[in-house]
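From first to last, the protein sequence lines stand for chains B and F. Each residue of the first sequence is one higher than the one before, counting from 1 in our numbering. Each residue of the second sequence is one higher than the one before, counting from 1 in our numbering.
Since the hints were made in silico from the structure, they are not lab data. Computed from a prediction, not measured in an experiment: that's the story for all the values here. Do not rely on the hints blindly, as some may be mistaken.
SDA-like mimics (lysine to any residue), calculated; alpha carbons at most 20 Å apart, straight line [to be verified]:
1. LYS436/B / THR5/F
2. LYS153/F / ILE141/F
3. LYS175/F / LYS173/B
4. LYS136/F / TRP28/B
5. LYS175/F / LEU369/B
6. LYS136/F / ASN124/F
7. LYS436/B / LYS218/F
8. LYS173/B / ASN124/F
9. LYS173/B / GLN432/B
10. LYS175/F / SER456/B
11. LYS209/B / PRO182/F
12. LYS173/B / ASP4/F
13. LYS102/B / PRO401/B
14. LYS179/F / TRP28/B
15. LYS436/B / ALA7/F
16. LYS136/F / ALA27/B
17. LYS175/F / GLN245/F
18. LYS255/F / GLN245/F
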Amino acid sequence: MILHNLPISWKAKKINLLLASYIFYAAWNPPFILLLWLSTVVDFFVGRALYTQENVAKKRLLLVISLMGNIGMLCFFKYGGFILENFVDLVNLFGVNYHPAKPNIILPAGISFYTFTTLCYTIDMYYKKSQPVKSLLDFSLFVTFFPHLVAGPIVRPPQLVPQFETEHKATMKNIMDGLLLLTFGLFIKVVLADAFLAPTANEIFGATKALPAIDAWMGVLAFSGQIFFDFAGYSTCAIGVAMCLGFALPQNFRFPYAAIGFTDFWRRWHITLSAWLRDYLYIPLGGNRKGTVRTYANLMITMLLGGLWHGANWTFVVWGGLHGFYLWVEKFLRDIFSKRKAQPEVEAITVTDRTPSLGFIYALLTFFLVNVTWVFFRAGTFHQAWTMLGSMFGIINGGEPMLTTMSIIKVWSIVTIMVVTHWWMRSTSLLQLAYKVPFWLVSIGWAAMLVALALSQESTSSFIYFQF
Amino acid sequence: MTNDTLARPALLALLLFLLAIASWEIYLRHDGANNAYDDSPSLWAHARTQVYQPEDKSTVFIGSSRIKFDLDIPTWKELTGDIPVQLACVGSSPLPVLYDLAKDTCFKGKLVIDVTEGLFFSTNDGNRQRPNDGLKYYHGITPAQRASFVINKPMEASLVFLDKENYSLNALLDKLELKSRPGVFMAPIFPRDFDRTYFERQSSMRPAFVADTVQQNKQKSIWKLFASGPHKPPINGAPLDSILQTIKVAIDQIKSRGGEIVFVRTPSSDFYWAGEQKGFPREKYWDKLLADTGCKGMHFMDYPETNHYKCPEASHLSPRDGIDYTHHLANYLEKEIGWKFPKSF
Numbered sequence: 001m002i003l004h005n006l007p008i009s010w011k012a013k014k015i016n017l018l019l020a021s022y023i024f025y026a027a028w029n030p031p032f033i034l035l036l037w038l039s040t041v042v043d044f045f046v047g048r049a050l051y052t053q054e055n056v057a058k059k060r061l062l063l064v065i066s067l068m069g070n071i072g073m074l075c076f077f078k079y080g081g082f083i084l085e086n087f088v089d090l091v092n093l094f095g096v097n098y099h100p101a102k103p104n105i106i107l108p109a110g111i112s113f114y115t116f117t118t119l120c121y122t123i124d125m126y127y128k129k130s131q132p133v134k135s136l137l138d139f140s141l142f143v144t145f146f147p148h149l150v151a152g153p154i155v156r157p158p159q160l161v162p163q164f165e166t167e168h169k170a171t172m173k174n175i176m177d178g179l180l181l182l183t184f185g186l187f188i189k190v191v192l193a194d195a196f197l198a199p200t201a202n203e204i205f206g207a208t209k210a211l212p213a214i215d216a217w218m219g220v221l222a223f224s225g226q227i228f229f230d231f232a233g234y235s236t237c238a239i240g241v242a243m244c245l246g247f248a249l250p251q252n253f254r255f256p257y258a259a260i261g262f263t264d265f266w267r268r269w270h271i272t273l274s275a276w277l278r279d280y281l282y283i284p285l286g287g288n289r290k291g292t293v294r295t296y297a298n299l300m301i302t303m304l305l306g307g308l309w310h311g312a313n314w315t316f317v318v319w320g321g322l323h324g325f326y327l328w329v330e331k332f333l334r335d336i337f338s339k340r341k342a343q344p345e346v347e348a349i350t351v352t353d354r355t356p357s358l359g360f361i362y363a364l365l366t367f368f369l370v371n372v373t374w375v376f377f378r379a380g381t382f383h384q385a386w387t388m389l390g391s392m393f394g395i396i397n398g399g400e401p402m403l404t405t406m407s408i409i410k411v412w413s414i415v416t417i418m419v420v421t422h423w424w425m426r427s428t429s430l431l432q433l434a435y436k437v438p439f440w441l442v443s444i445g446w447a448a449m450l451v452a453l454a455l456s457q458e459s460t461s462s463f464i465y466f467q468f
Numbered sequence: 001m002t003n004d005t006l007a008r009p010a011l012l013a014l015l016l017f018l019l020a021i022a023s024w025e026i027y028l029r030h031d032g033a034n035n036a037y038d039d040s041p042s043l044w045a046h047a048r049t050q051v052y053q054p055e056d057k058s059t060v061f062i063g064s065s066r067i068k069f070d071l072d073i074p075t076w077k078e079l080t081g082d083i084p085v086q087l088a089c090v091g092s093s094p095l096p097v098l099y100d101l102a103k104d105t106c107f108k109g110k111l112v113i114d115v116t117e118g119l120f121f122s123t124n125d126g127n128r129q130r131p132n133d134g135l136k137y138y139h140g141i142t143p144a145q146r147a148s149f150v151i152n153k154p155m156e157a158s159l160v161f162l163d164k165e166n167y168s169l170n171a172l173l174d175k176l177e178l179k180s181r182p183g184v185f186m187a188p189i190f191p192r193d194f195d196r197t198y199f200e201r202q203s204s205m206r207p208a209f210v211a212d213t214v215q216q217n218k219q220k221s222i223w224k225l226f227a228s229g230p231h232k233p234p235i236n237g238a239p240l241d242s243i244l245q246t247i248k249v250a251i252d253q254i255k256s257r258g259g260e261i262v263f264v265r266t267p268s269s270d271f272y273w274a275g276e277q278k279g280f281p282r283e284k285y286w287d288k289l290l291a292d293t294g295c296k297g298m299h300f301m302d303y304p305e306t307n308h309y310k311c312p313e314a315s316h317l318s319p320r321d322g323i324d325y326t327h328h329l330a331n332y333l334e335k336e337i338g339w340k341f342p343k344s345f
């Protein structure tokens, strides 16, 4: 921030930000910076050529080069082991005795995020949706800008590039807002996710046998809270840090556990990813423009691939598939309801406006169903996922209790407060609230978060979404 | 709120935060607390980086908690002029660390292996968790973690409330000791003054613990609780031979590079020593370990200077006895084993 506010040229400030971003990335694993450079340089020049190329065949070839480069890199580093494992299983099924050595591929931090960032640029250039970025410096900064680099929000060129073109300086309001968001993000990540919820989630999902229903549910609820606080915490920190430097990043979470239904959920959870999947996968597949059957199929394909994006394991695919199924059911019911009521669309907001208590019940039902999906997201294997679900719903009995009274109290109280807060805040934001309430109340809340951060003394857990 | 910015609430929040933290710090100091380092994988990994010192100027210690308490690092340094590298982990077997050092072709120094039979020969994964966590951290350390260590440790050195074991949010909540559900084992909370960890990973009882039989008795009851839990029978027969064979291979690897290795059986007393003699008879474990590996060892019962200690909680030496034991250990290593140290004594 000090360097960024020195009386130097805007270009020098951007170079400073770019170098800081590379140092930030190198802090995990320096050699992987080369991949980032490669991706940046290739996509900058390919993107420019895509925009200016008029020959359709050459244009398509360029797009294929870009897609193969980006997706190929992602496939190798993220899905290499998974693809090989499945290939081996397949050939073994046909009686071929093939057992290659397990590849030892290290996943570069944030590869899924920056690959999607660069991919959307080249696709936009192909369709001429936006202007090519003028300078390699601006493009490099767009790809590498450290707040969003390793875990999003996934930014689009028009959201960030124009901010680099003209000088940006954070105002006092930006800095204070940013610091509040940074504190809040750290608080929910370090205190709530790492200190209070992660130990219970890890203990329960580390169990190898069936559990009593209460232990299983507490483990799933703990993970439900942990994954939200962890990821929303990172996004909030990223937005806050960018704000302190005078830049605006898109919102990534809007109190998702207040969602009524799954369309609403995906408008609140990892918003930039769902918007990306909608614009660059669902709509190009045909979206809802090619009849009912294709709409349902497109929805499912999008969610299955969205699941796979999260990790190289079939459990993630099932997680995405389950969300796709929920969206199917919701769409089916919505279509029936729309026909009966002769209404084109039933927005979740009308439910909350007219009958808030009914809306809250719908939100709880959505939260309940989301929790079922988290089992597949967190479990390492299907066996573990089925055992957990069996324990949760009383299908498998006889497990030994694991959680202490204190663990149950922590999970229950944090998750209850989280769900109620999400409902209460569903149509507003933290900053809006901070400007509405008396200043001393903001101060007490802010100070309490700082004290909890200092006392929690959690320092070693990295963000869950870094691995994606 | 009518403010244009959050500057005013931010300033007040900062003041409230500083006030709250300062009050807490002052209260803890007034209550007799003093700073302690978090014996985390990052501190262990830092110690692990020290094993490459010249072999005539450093000694590496691996083992369980006893050697952490019983080796007084300032005394060792003063006496020998040698740098001790403390890699022992509480409640753990040293074998993962031994195997790691054996694989590390750059390590060829002096190695002292502390033996607490119940942990040393344990096949329970839980008894390898801490060393494995430390090794994983050490081998995968990132520049960010190094920077974090450099920033964090001076703060731990000066602020009492950063004693994670006693004053982190979870530790404070655990101290409420809510009655747990039937069938759930609740890890007992050690008395605050039992273990203070220093930067070089020495553990030490605080004076209040040494003077307070209530705390000592509480700790003894915790040891008894651990001993009364369901345990696998001590390893024996072929599995024991197999472990000893693996240890010998590791030791031979280190020796082949010029390394030197000695086992030590650190003192215990009262019911703890009686239980250990019963569970792990000397001839079946300690003597066999030395015979099979071809190493020398110092058993505390073999020397009149070390066989009389009375551990305050039956398992670890008091700081005063630790100083005394360190003298005898250094003496043994120099006089009986013939190890060379920068200073002769």
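Next on the checklist: Given the hinted pair LYS175/F and LYS173/B, is their Cα-Cα distance within 20 Å?
Outcome noted: 42 Å, violated
Item to check | Proposed proximity, SER456/B with LYS175/F (alpha carbon, max 20 Å) | outcome: 15 Å, holds
Item to check | Holds or violated: LYS175/F to LEU369/B, with C-alpha atoms at most 20 Å apart | outcome: 36 Å, violated
Checklist entry - Given the proposed pairing of LYS136/F with TRP28/B, does the C-alpha separation stay at or below 20 Å? => result Within the cut-off at roughly 15 Å; holds.
Item to check | Hint consistency between LYS179/F and TRP28/B [alpha-carbon to alpha-carbon, up to 20 Å] | outcome: Distance of about 42 Å is beyond 20 Å: violated.
Checklist entry - Has the given pair, LYS436/B with THR5/F, been kept, meaning a C-alpha gap of at most 20 Å? => result Holds, at about 12 Å.
Item to check | Proposed proximity, ALA27/B with LYS136/F (alpha carbon, max 20 Å) | outcome: 17 Å, holds
Next on the checklist: Please verify whether LYS102/B and PRO401/B have alpha carbons no more than 20 Å apart.
Outcome noted: Violated, because 36 Å separates the two Cα atoms, which is more than 20 Å.
Checklist entry - Does the alpha-carbon distance linking LYS436/B and LYS218/F stay inside the 20 Å limit? => result Between LYS436/B and LYS218/F the Cα gap is close to 52 Å, so the pair fails against 20 Å, i.e. violated.
Next on the checklist: Can you confirm whether the C-alpha distance between LYS173/B and ASN124/F stays at or below 20 Å?
Outcome noted: 56 Å, violated
Item to check | Restraint check for LYS173/B with ASP4/F, where alpha carbons must lie at most 20 Å apart | outcome: 7 Å, holds
Item to check | Restraint status (C-alpha distance of LYS153/F to ILE141/F at most 20 Å) | outcome: Between LYS153/F and ILE141/F the Cα gap is close to 16 Å, so the pair holds against 20 Å.
Hints 3, 5, 7, 8, 13, 14, 17, counting from the list given before, are not met by this structure.
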